[in-house]
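Asker: Residue numbers for the sequence shown follow my numbering, beginning at 15 and rising by one.
Quick caveat, the hints were computed from the structure, so don't treat them as lab data. Glycine residues also receive a C-beta, built at the ideal position from the N, C-alpha and C atoms. Heads up, some of the hints might be wrong.
[Stated by the list, open to error] The following label-pair restraints were derived from C-beta to C-beta distances: (1) Thr53 <-> Arg77: 47 to 57 Å; (2) Val76 <-> Leu119: 17 to 27 Å; (3) Leu119 <-> Arg77: 33 to 43 Å.
[Said to hold, decoys possible] In the DSS-like style, the derived pairs of lysine-lysine whose C-alpha atoms are separated by at most 27 Å in a straight line are: (4) Lys117 <-> Lys103; (5) Lys93 <-> Lys103; (6) Lys129 <-> Lys117.
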Amino acid sequence: RRSNDDDDDDDNNEYDDDDSDYDQYVVHSSYNMVLSRSTREDMLYEMGYTRSQIADAVRNNVRAKRERRRTVHNLRTMKFEEMVEGVAKSLRRTVLRRGSSSKKLYKNWKEQHEKLQMQQTVGNSCSSLSVG
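Generate coordinates for the entire structure from the input sequences, incorporating the hints supplied.
Answerer: As C-alpha cells, then:
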C-alpha cells in the first residue's frame, strides 16, 4: 500500500513528460503577460506589418477606447436625458395642438365670412331686381 505522499508525487509527475500541456493550465498574473512596447513592435515587424499599419491600428484602438468611455458616461446620464426628451415631446404635442386648433378656428371663420359675403351679394342682387 502507498502513502498519501506517494499519491501527491504521482499527481505532480503527471505533467513532467510534456511541460507544454501543463503550461496551458497555469494561470499567469497579468504582470507576467505584459510585453514592452519595443518587444511588441519587433514581433509585429517580424510578422510583416509596416510602421503605418501599426500606427493605424493604434489609432483605431484609441478611438474604440474613447467610444467605450463615452458609452459608459452616456449610460449614467441616459435616464435623465430620456426624462428631458419626454418632457420636450409632451410640450411639442401641446404646442402643436394649439396650433392646429388655431388653424381650425381660422378655417371656420373664413368659411363663415365667405358665406356672409355670398348672402350679402345674393341679397343685393335680389333687391336691385325688385326695385327696378
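Asker: All hints are to be evaluated individually against the structure, with a verdict given for each.
Answerer: Verification of the supplied hints:
no. : hint                         : in the structure
1   : Thr53 <-> Arg77: 47 to 57 Å  : violated, 24 Å
2   : Val76 <-> Leu119: 17 to 27 Å : violated, 59 Å
3   : Leu119 <-> Arg77: 33 to 43 Å : violated, 55 Å
4   : Lys117 <-> Lys103            : holds, 21 Å
5   : Lys93 <-> Lys103             : holds, 15 Å
6   : Lys129 <-> Lys117            : holds, 18 Å
Hints 1, 2 and 3 from the list above are not met by this structure, while the remaining hints are.
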